[in-house]
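Trainee: Which chain is which? The protein sequence lines are W and X, in order. Heads up: the first sequence is residues 0 to 268, going by numbering that gives the first Met the number 0. Heads up: the second sequence is residues 0 to 174, going by numbering that gives the first Met the number 0.
Simulated from the structure, these hints should not be mistaken for laboratory data. Don't take every hint at face value.
For lysine-lysine, the following DSSO-like pairs were computed, each having C-alpha atoms within a straight-line distance of at most 30 Å [unchecked claim]:
no., chain 1, residue 1, chain 2, residue 2
1, W, 36, X, 77
2, W, 184, X, 77
3, X, 77, W, 74
4, X, 173, W, 36
5, X, 153, W, 156
6, W, 111, W, 130
7, X, 105, W, 156
8, X, 77, W, 156
9, W, 156, X, 173
10, W, 184, X, 128
11, X, 77, W, 181
Chain X residues, not near chain W, derived (Cβ > 12 Å throughout) [unchecked claim]:
no., residue
12, 27
13, 37
14, 55
15, 72
16, 138
17, 150
18, 151
Heads up, the beta-carbon is just placed ideally off N, CA and C, and yes, glycines get one too.
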Amino acid sequence: MNTALRTIVLAAALGATLGAAHAHNAWLLPSTTVLSKPDTVSVDAAISNDLFVANHAAMRLDNLLITAPDGSTVKPEAQAQLKHRSVFDVNVGAPGTYRIAVVNAGGFASWKDKATGQQKRARGTSESLAKEIPADAQEVTVTQSVGRIETFVTVGKPSAPKPIGQGLEMVSTGGALTDLAKGEKATFALHIDGQPARDLEVTVTAGNTQYRDQLAEVKLKTDDKGQFSVTWPAAGMYWIDASTKDNKTTMPQAKERRLSYAATVEVMP
Amino acid sequence: MQVRYSLALPAVAALFGAPALAAGLAASIEVPRLNTSEYHRPYVAAWIERADNSVAATVAVWYDVRTRTNNPEGEGTKWLKDLRQWWRRTGRDLEMPIDGVTGATKPAGKHPINLADAATAKLAPGAYKFVVEAAREVGGREVVSIPFQWPPTKAEQPMASGSSELGEIKLELKP
Numbered sequence: 000m001n002t003a004l005r006t007i008v009l010a011a012a013l014g015a016t017l018g019a020a021h022a023h024n025a026w027l028l029p030s031t032t033v034l035s036k037p038d039t040v041s042v043d044a045a046i047s048n049d050l051f052v053a054n055h056a057a058m059r060l061d062n063l064l065i066t067a068p069d070g071s072t073v074k075p076e077a078q079a080q081l082k083h084r085s086v087f088d089v090n091v092g093a094p095g096t097y098r099i100a101v102v103n104a105g106g107f108a109s110w111k112d113k114a115t116g117q118q119k120r121a122r123g124t125s126e127s128l129a130k131e132i133p134a135d136a137q138e139v140t141v142t143q144s145v146g147r148i149e150t151f152v153t154v155g156k157p158s159a160p161k162p163i164g165q166g167l168e169m170v171s172t173g174g175a176l177t178d179l180a181k182g183e184k185a186t187f188a189l190h191i192d193g194q195p196a197r198d199l200e201v202t203v204t205a206g207n208t209q210y211r212d213q214l215a216e217v218k219l220k221t222d223d224k225g226q227f228s229v230t231w232p233a234a235g236m237y238w239i240d241a242s243t244k245d246n247k248t249t250m251p252q253a254k255e256r257r258l259s260y261a262a263t264v265e266v267m268p
Numbered sequence: 000m001q002v003r004y005s006l007a008l009p010a011v012a013a014l015f016g017a018p019a020l021a022a023g024l025a026a027s028i029e030v031p032r033l034n035t036s037e038y039h040r041p042y043v044a045a046w047i048e049r050a051d052n053s054v055a056a057t058v059a060v061w062y063d064v065r066t067r068t069n070n071p072e073g074e075g076t077k078w079l080k081d082l083r084q085w086w087r088r089t090g091r092d093l094e095m096p097i098d099g100v101t102g103a104t105k106p107a108g109k110h111p112i113n114l115a116d117a118a119t120a121k122l123a124p125g126a127y128k129f130v131v132e133a134a135r136e137v138g139g140r141e142v143v144s145i146p147f148q149w150p151p152t153k154a155e156q157p158m159a160s161g162s163s164e165l166g167e168i169k170l171e172l173k174p
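Given the sequences, and given the hints that come with them, work out the whole structure.
Mentor: This is the structure in structure tokens:
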């Protein structure tokens with residue numbers, strides 16, 4: 000299941016070394032996604048195998064970005080990084096849909112040290128990698144990584160968050176991202192740099208994986224418009240995840256760009 | 000005197016006769032008596048739904064309408080989203096309170112619903128559902144609906160019963 004790419008998400012979020020990483024899911028879990036009055040929403044952020052059980056590692060929130068329905072940025076409150084999960088509050092005061100996202104962007108490099116022949120690895124920005132990789136390094140490969148982990152919360156009537164237009168992202172196709180109900184069909188689109196991501200595999204997994212024997216994830220493919228549809232079998236929190244790679248790097252050293260996306264959505268009974 | 004009397008009679012007849020000619024719709028909702036250690040009166044929404052599930056009119060919303068903290072919407076708007084179906088279908092598009100529709104939560108018992116002519120006058124002929132949804136703090140949620148045809152062809156009193164959060168729901172149709 001996209002082991003390599005989930006590893007990237009993990010490494011980017013954790014700052015872990017590449018070699019020690021395992022396949023884990025990075026997720027945000029809001030306390031609620033539908034509100035009828037301005038309030039405070041509490042969000043958990045963690046990296047773990049089980050959805051949504053914080054039993055592995057807290058997510059770093061350096062790149063947390065909360066966007067209000069009018070496009071303005073909202074500051075998180077009461078932010079804390081615990082052992083197995085990070086937490087923060089979001090004051091949702093205006094009607095419409097809020098986007099809560101952790102966006103990780105950076106690069107990974109591996110090379111062979113000329114003097115010792117040792118394999119070396121580093122991660123960071125284009126500038127920091129340029130400094131770290133020696134001029135005489137051999138077999139240098141640099142990979143750019145762009146990852147987005149997000150969730151949506153609505154006060155009152157849902158609105159459509161403005162698409163980012165960069166990297167891999169999920170956008171609503173008419174229906175709202177927080178207006179999902181058991182037994183109903185919802186259609187979303189995946190975009191890469193604002194363009195439909197065609198023929199891309201998407202995985203939809205229901206939460207509470209610790210209480211069932213099978214992961215029972217649903218694997219779907221996007222169509223020509225980059226769209227995919229899900230008919231929700233039960234109420235609960237769901238994790239939608241997709242990843243891909245291409246060569247449209249924005250990092251001068253990198254030849255390959257890895258893109259990943261994960262969203263948590265709530266389905267009502 | 001004689002003249003005035005003869006003039007008044009047709010006027011009175013017209014006043015009471017006219018509503019009898021128009022089709023009528025009335026309803027009552029029963030809040031059941033529940034034996035629980037912690038009881039809060041349920042939030043209730045009632046509305047008229049078209050065949051395609053779109054909402055023709057919200058006819059009643061009972062919630063905590065007190066304005067203790069100078070909140071003109073009422074204290075209870077935070078929990079209106081728990082009337083999930085109503086909230087998705089129409090509630091989130093409305094501004095609370097609504098004159099003649101919203102009101103305080105009701106105790107156990109049968110409560111007549113004022114289906115103002117405004118609600119029925121706007122109904123185009125066709126198939127409808129009268130839907131009642133109840134959600135109770137530290138309790139459950141239930142939706143009960145009664146299908147009906149508008150305008151009615153004969154006098155009828157279709158009924159439906161909830162099993163947990165709602166009691167008897169009664170419609171009164173008059174051709």
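Trainee: If a hint holds in the structure, say so; if it doesn't, say that too.
Mentor: To see whether the hints hold, each was checked on the structure:
For a cut-off of 30 Å, the pair hint linking residue 36 of chain W to residue 77 of chain X stands: about 5 Å separates their Cα positions. A distance of roughly 27 Å separates the Cα atoms of residue 184 of chain W and residue 77 of chain X; the hinted pair therefore holds under the 30 Å criterion. The hinted pair formed by residue 77 of chain X and residue 74 of chain W meets the criterion: a straight-line CA distance of about 22 Å does not exceed 30 Å. For the given pair, residue 173 of chain X sits about 39 Å from residue 36 of chain W by alpha-carbon distance, which is inconsistent with the 30 Å threshold.
Between residue 153 of chain X and residue 156 of chain W, the direct Cα distance comes to roughly 39 Å. Violation of the 30 Å bound is thereby established for this hinted pair. A hinted pair counts as satisfied when its Cα atoms are at most 30 Å apart, and residue 111 of chain W with residue 130 of chain W qualifies at roughly 15 Å. Of the supplied pair hints, the one linking residue 105 of chain X and residue 156 of chain W holds, its CA atoms being roughly 27 Å apart against a limit of 30 Å. For the proposed pair residue 77 of chain X and residue 156 of chain W, the alpha carbon gap of about 14 Å is at most 30 Å, so the pair holds.
Under the criterion of a C-alpha separation no larger than 30 Å, the hint pairing residue 156 of chain W with residue 173 of chain X is inconsistent with the structure, at around 36 Å. Between residue 184 of chain W and residue 128 of chain X, the direct Cα distance comes to roughly 23 Å. Compliance with the 30 Å bound is thereby established for this hinted pair. Only pairs whose Cα atoms come within 30 Å are accepted, and residue 77 of chain X paired with residue 181 of chain W is accepted, the gap being roughly 23 Å. Every beta carbon of chain W lies more than 12 Å from that of residue 27 of chain X, the smallest distance being close to 26 Å; the non-interface claim holds.
Residue-level check passed: residue 37 of chain X sits 22 Å from the nearest beta carbon of chain W, beyond 12 Å. Its beta-carbon lying about 19 Å from the closest one in chain W, residue 55 of chain X satisfies the requirement of being farther than 12 Å from that chain. At the 12 Å boundary, the C-beta of residue 72 of chain X falls inside the reach of chain W, the nearest C-beta of that chain being 8 Å off. Once the 12 Å rule is applied to beta carbons, residue 138 of chain X is consistent with being away from chain W; the minimum gap is 15 Å.
With a closest Cβ-Cβ approach of about 32 Å to chain W, residue 150 of chain X is found to remain outside the 12 Å limit, as its non-interface label requires. With a least beta-carbon separation of about 31 Å from chain W, residue 151 of chain X lies farther than 12 Å from that chain, consistent with its non-interface assignment.
The structure fails to meet hints 4, 5, 9, 15 from the earlier list, while all remaining hints are met.
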